[in-house]
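Participant: Following the hints, complete the assembly by docking chain B onto the known chain A.
Number of protein chains: 2
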Amino acid sequence: MSDKKIPYKIYLEESELPKAWYNLRADMKNKPAPLLDPATHKPMTAQALSGVFCDELIKQELDDSTPYFEIPEAIRDFYKMYRPAPLVRAYCLEEKLQTPAKIYYKFEGNNTSGSHKLNSAIAQAYYAKQQGLKGVTTETGAGQWGTALSMACSYFGLDCKVYMVKCSYEQKPFRREVMRTYGASVTPSPSMETEVGRKILAEHPGTTGSLGCAISEAVETATKSEGYRYVLGSVLNQVMLHQSVIGLETKAAMDKYGIKPDIIIGCAGGGSNLGGLIAPFMGEKVRGEADYHFIAVEPASCPSLTRGKYAYDYCDTGMVCPLAKMYTLGSGFIPSANHAGGLRYHGMSSTLSQLYDDGLMEARSVKQTEVFEAAEQFARVEGILPAPESSHAIRVAIDEALKCKETGEEKTILFGLTGTGYFDMLAYEKFHNGIMTDYIPTDEEIQANFAKLPKID
Amino acid sequence: MSDKKIPYKIYLEESELPKAWYNLRADMKNKPAPLLDPATHKPMTAQALSGVFCDELIKQELDDSTPYFEIPEAIRDFYKMYRPAPLVRAYCLEEKLQTPAKIYYKFEGNNTSGSHKLNSAIAQAYYAKQQGLKGVTTETGAGQWGTALSMACSYFGLDCKVYMVKCSYEQKPFRREVMRTYGASVTPSPSMETEVGRKILAEHPGTTGSLGCAISEAVETATKSEGYRYVLGSVLNQVMLHQSVIGLETKAAMDKYGIKPDIIIGCAGGGSNLGGLIAPFMGEKVRGEADYHFIAVEPASCPSLTRGKYAYDYCDTGMVCPLAKMYTLGSGFIPSANHAGGLRYHGMSSTLSQLYDDGLMEARSVKQTEVFEAAEQFARVEGILPAPESSHAIRVAIDEALKCKETGEEKTILFGLTGTGYFDMLAYEKFHNGIMTDYIPTDEEIQANFAKLPKID
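Heads up: the sequence lines are chains A and B, in that order.
Numbers given in the numbering used here equal positions in the first sequence, counted from 1, plus 1287.
Numbers given in the numbering used here equal positions in the second sequence, counted from 1, plus 1287.
Next comes chain A alone, as it looks inside the complex:
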């Protein structure tokens, strides 16, 4: 098919919105390792999890054999307000780079949360509402997940309590106001509101917070409040499941135009976007039906895949959550405050960790000044001002397109443009003013945290 026939933006029809989420685990030969009880080191049961998570979400979390979960109609209706999301052909970027590569990106920023996070937020809020709960608690780093959850809770009339990593809370005051517009309450973490927060503040009085610490506070509040549960925006299997809507739409749009990607790139913090984007493609790969080159891109300042250890670890700083087997920098790892935006989590989704360990995926880490260079270059030709997180994927997409320019290969590159950077202008300002710096943890820093990994037989 001639390139000219491929539009700038491929929009699926509303009727083509996926009717079921795809559970990649069902097709994986080596399943992700189960969550373990932090006290007994035995696999977590649904019952043990029921104080923390919603019942239906626990089912999704533990099920590694059912390949498809139907998307309830109420969630599909909400999806219709901002989905199907466009698959964009980056004609202008290709021209700017003078590359023979064909570049596509799935744009998930066309909604007020500014990111893909809404895909799972609305699902989690729905199941909480179905269970008759009063509200949910959560943590947020860059603020995208908190905003998404606020929107979802507002839609279903649920109370929403957000613990926001302190350095993001301070760098992004307007994010707080967006969440308040949707009726959520927002607390900087660590806070004096929780036992674990008070303990962390006592031990590290000047701490700028971390996702791991905010998770501990949110979990504590959920378990101590009647009618509340905790919800999480990344890392978990249930989140990967909901985010598969990204990949399913992308694949449907590509199939419609006979496009087959050679390289599929996504930024990776906890892994929700990457896991969602690659799901149906990786499904084909693990079933032996097709091959793709997958690249997970993480910040050099928080390099869980490229420099972490594949081991059981605590999901949170307070060690109140189940243990997960994942590539981890240790639950005590806190990225430098000079690191802008998200992708700050110490570990990586168990599913992605297993795929990476099985050699099914490449991982690269990139420095943030290089990331912002790519972001600005992209914005100037493609119009969209990208989130710092998404710009990690842009960086590698540009690198791969420039390789094609050298070799003359006409590769098809697909990447996930997870969101917009409208609330990240403080970081852009630092970049423009030439005062943005790079941070790469030393081997000693990383080893120090490995020493604190739990010992599992």
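No lab work stands behind these hints, which were simulated from the structure alone.
Possibly wrong hints are sitting among the right ones.
To be verified - Distance windows between CB atoms, simulated:
no. : chain 1 : residue 1 : chain 2 : residue 2 : range
1   : A       : Gly1419   : B       : Tyr1544   : 32 to 40 Å
2   : B       : Ile1722   : A       : Glu1360   : 36 to 44 Å
3   : A       : Ala1577   : B       : Glu1457   : 49 to 57 Å
4   : B       : Gln1385   : A       : Lys1421   : 21 to 29 Å
5   : B       : Gln1418   : A       : Glu1732   : 51 to 59 Å
6   : A       : Lys1421   : B       : Glu1457   : 36 to 44 Å
7   : A       : Glu1482   : B       : Lys1383   : 35 to 43 Å
8   : B       : Phe1737   : A       : Glu1360   : 56 to 64 Å
9   : B       : Gln1385   : A       : Asp1542   : 35 to 43 Å
10  : B       : Tyr1544   : A       : Ala1335   : 48 to 56 Å
11  : A       : Ile1727   : B       : Tyr1544   : 52 to 60 Å
12  : B       : Thr1694   : A       : Lys1346   : 42 to 50 Å
13  : B       : Tyr1726   : A       : Lys1421   : 35 to 43 Å
14  : B       : His1328   : A       : Pro1460   : 47 to 55 Å
The C-beta atom is built at its ideal place from N, Cα and C for all residues, glycine as well.
Facilitator: Chain B alone, transformed into the frame defined by chain A:
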């Protein structure tokens, strides 16, 4: 056609993107009054305008008989990055209001400028580039136009110099960074850079600036710099022409589903969004082919249509621009600094002024606290966080839908959702904290400015 068949979002195909802009003036029985030379009070000629505006844009400005202008391919290519824009059925808002009315909105915020302004910015930048210019100057209030122009100039490799109304510059520091991301320079106005700026600062040392004043500075800089011209984001006929793409797409989408609006609502500052949205519908009305109820919504703090005078006036504070006949509050009118967002211009597009004077359109003014109430209500059910400007239209759309609830009428209401409020969170914060106030100018304040209108025979 059953309602159920109308999707949440109607996206036209890329191939259905309008191929020509519609020039409403060609169909108007009473043409808008011509621009006058401020010195001679004679109609401006193309030659006299050529030091200020680009040549092709002057042709468009002065032509009130050609009904269609072809959209150049390079502009259509750029449009394809964010157009066709969706026409959304506000199912969730209807349900929330329990109204029998059917509510639609044309959403123009799905691009980084966050508003419809990009539609004209890219056209103006294109013609500047075609003419071989080095760059353009402009003013911006809320920052949407400046952002749009920065993006457009970056795309075509033009220099872009923006004078930003001082109070907006201070309230919206991140807007500046977005413009810088696209390579523009941004100066708070009034500034010491221009003669007119220095004069205004000497007379009013504490002024928070106004659009009229920023226009004077931008025009002065353009006329004094080799290879530069001035471009404007609203008010002018050429801008109305470019913005007709909004209405043309809306009408095409509605026709496709057999929808006929009863009421068409738009916010009105200088009139670019409203003029663009209503163009093809008003065309039918003035040609006697159909009838619609048009409502222009303006802030009570800057009520040019509802409390202004229909007269020739200066377009700018420095009185360097041509005179335009319009509904005006006087070029010396500066809205209170407590007024959030845009819609701050003292006058209204000549085209819309003439239509209003001919009784073809209604105008209403609304108070800003009522506007933010509507904004928050809309955000919570429809997901999109609206710009304060757009929320003026939301306010009246909700009011009309509630009237339908009382009367039981199943009216079809269409409004323009011009943009998103991501850079207006300071105003939302004031609203959340209960410290937002309303400002309505006294009759004395308004009369005082009328006294300074130029005397035209």
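Participant: Can you let me know if the beta-carbon spacing of Gln1385(B) and Lys1421(A) is within 21 to 29 Å?
Facilitator: holds (25 Å)
Participant: Between Gln1385(B) and Asp1542(A), does the beta-carbon spacing fit 35 to 43 Å?
Facilitator: holds (42 Å)
Participant: At the C-beta level, are Ile1722(B) and Glu1360(A) separated by a distance inside 36 to 44 Å?
Facilitator: Since the Cβ atoms of Ile1722(B) and Glu1360(A) sit about 42 Å apart, the hinted range of 36 to 44 Å holds.
Participant: Falls inside 52 to 60 Å, the C-beta gap from Ile1727(A) to Tyr1544(B)?
Facilitator: holds (55 Å)
Participant: Is 47 to 55 Å respected by the C-beta to C-beta distance linking His1328(B) and Pro1460(A)?
Facilitator: holds (51 Å)
Participant: Against the range 35 to 43 Å, how does the distance between the Cβ atoms of Tyr1726(B) and Lys1421(A) compare: consistent or not?
Facilitator: Between Tyr1726(B) and Lys1421(A), where Cβ atoms are some 40 Å apart, the hint holds.
Participant: Assuming the hint says 35 to 43 Å, is it satisfied by the Cβ distance from Glu1482(A) to Lys1383(B) or not?
Facilitator: holds (39 Å)
Participant: If I claimed the Cβ atoms of Gln1418(B) and Glu1732(A) lie 51 to 59 Å apart, would that claim hold in this structure?
Facilitator: holds (57 Å)
Participant: Would you say the C-beta atoms of Tyr1544(B) and Ala1335(A) sit inside 48 to 56 Å of each other?
Facilitator: holds (52 Å)
Participant: Does the Cβ pair Gly1419(A), Tyr1544(B) satisfy 32 to 40 Å?
Facilitator: holds (38 Å)
Participant: Is the distance from the Cβ of Thr1694(B) to the Cβ of Lys1346(A) consistent with 42 to 50 Å?
Facilitator: holds (48 Å)
Participant: Within 56 to 64 Å or not, the Cβ separation of Phe1737(B) and Glu1360(A)?
Facilitator: holds (58 Å)
Checked against the numbered hints given earlier, this structure breaks none of them.
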